[in-house]
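These protein sequence lines map, in sequence, to chains A and B. In terms of this note's numbering, the first sequence is residues -3 to 109. In terms of this note's numbering, the second sequence is residues 42 to 194.
No lab work stands behind these hints, which were simulated from the structure alone. Each hint should be verified, as a subset may be incorrect.
Stated by the list, open to error - Among chain A residues calculated to face chain B with C-beta under 7 Å, some are:
#1 5
#2 27
#3 28
#4 29
#5 30
#6 33
#7 37
#8 46
#9 47
#10 50
#11 53
#12 57
As the list claims (entries may be wrong) - Straight-line C-alpha distance at most 35 Å; calculated DSBU-like pairs for lysine-lysine:
#13 B:73 with B:133
#14 B:172 with B:133
#15 B:73 with A:-2
#16 B:73 with B:158
#17 B:158 with B:133
#18 B:133 with A:-2
No residue lacks a Cβ here, since even glycine has one placed at the ideal position from N, Cα and C.
Chain by chain, the residues run as shown.
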Amino acid sequence: MKISDLSEFPELEVIVRGVPERDVTGGVTGDLLSCIMAEAAPGMVWVTIQVHLNVAAVAVLREVSGIILASGRRPNEDLIEKCREESLFLGVCASSAFDVCAQLHARGLRGSV
Amino acid sequence: MGPQPYVERYVVQGGVFDAIGEASTQLKSVLKMLGIPSDITRRATVVAYEAEMNLVIHAGGGEITASVFPDRLELFVRDEGPGIPDIPLAMKEGYSTATDEIREMGFGAGMGLPNMKRNSDSLDVRSEVGKGTSLFAVIRFPSDPVQQPVKEG
Ligand SMILES: Nc1ncnc2c1ncn2[C@@H]1O[C@H](COP(=O)(O)OP(=O)(O)OP(=O)(O)O)[C@@H](O)[C@H]1O
Ligand SMILES: [Mg+2]
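Could you build the full structure based on these sequences and the hints that come with them?
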């Protein structure tokens, strides 16, 4: 799956396009930053309800390919700016984290790479 | 006498949540620039990020010194914060004294020190209540000699 494929998800609003041709290697979900630091592998897409700037810091350090904010949570302005700066995909989905992950899983993404 | 290490020093401000990750991000690009293998860089980044986060949240700021030797990376982290009364307890997964407000932001999982331990070859934590805390982490580079890349074409 590529980052550009994420835009085709129903109900997913793309906030920052990122690098469309980038590979999505898997997925990770959680709202505790240290857990994501421990679990995320490079290229994974991260599903979370955290919307503040530190999300981008963790995403960049762990080299995730994109961030999806679940339950319709709107990103803070500084998170959007940082994602633009880092060319990091950022999307908002009205569905819960559970449903977003289920959809990603159905399309072949797994929790390990 | 060993060779002189390449040294980077980062000052981390206490309580500035938006800046968490700046020092680790800088260190990451320095390690990349120095050609350190990417798995080593990833581990070092985790250790540095968790250290940085703890300096901001628990210690009122501090300092991270990274020394790159030919065979290893050393991270020395020190602060003059409140200190850790019970280090073995603080090292346990899930133990955290973070406030609810901080936890809502996703900090305070009690995973920082365990993550640091898992990602370093050795981690030494020392602390004195009321004086501060210091951490010393070593990450060794793969010992087998790096093969010269074979030129193709
Ligand atoms: N530099 C420090 N100064 C004072 N106390 C510290 C310091 N670092 C850690 N601690 C104490 O040790 C506890 C455990 O630290 P650890 O990094 O494992 O978890 P956390 O910071 O609470 O949560 P997380 O790192 O998962 O966001 C902290 O809650 C805090 O009480
Ligand atoms: Mg911590």
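Hint check:
no.: 1; hint: 5; in the structure: 24 Å, violated
no.: 2; hint: 27; in the structure: 5 Å, holds
no.: 3; hint: 28; in the structure: 4 Å, holds
no.: 4; hint: 29; in the structure: 5 Å, holds
no.: 5; hint: 30; in the structure: 4 Å, holds
no.: 6; hint: 33; in the structure: 5 Å, holds
no.: 7; hint: 37; in the structure: 9 Å, violated
no.: 8; hint: 46; in the structure: 5 Å, holds
no.: 9; hint: 47; in the structure: 10 Å, violated
no.: 10; hint: 50; in the structure: 6 Å, holds
no.: 11; hint: 53; in the structure: 3 Å, holds
no.: 12; hint: 57; in the structure: 5 Å, holds
no.: 13; hint: B:73 with B:133; in the structure: 31 Å, holds
no.: 14; hint: B:172 with B:133; in the structure: 22 Å, holds
no.: 15; hint: B:73 with A:-2; in the structure: 25 Å, holds
no.: 16; hint: B:73 with B:158; in the structure: 22 Å, holds
no.: 17; hint: B:158 with B:133; in the structure: 11 Å, holds
no.: 18; hint: B:133 with A:-2; in the structure: 38 Å, violated
This entry does not satisfy hints 1, 7, 9, 18, going by the numbered hints stated previously.
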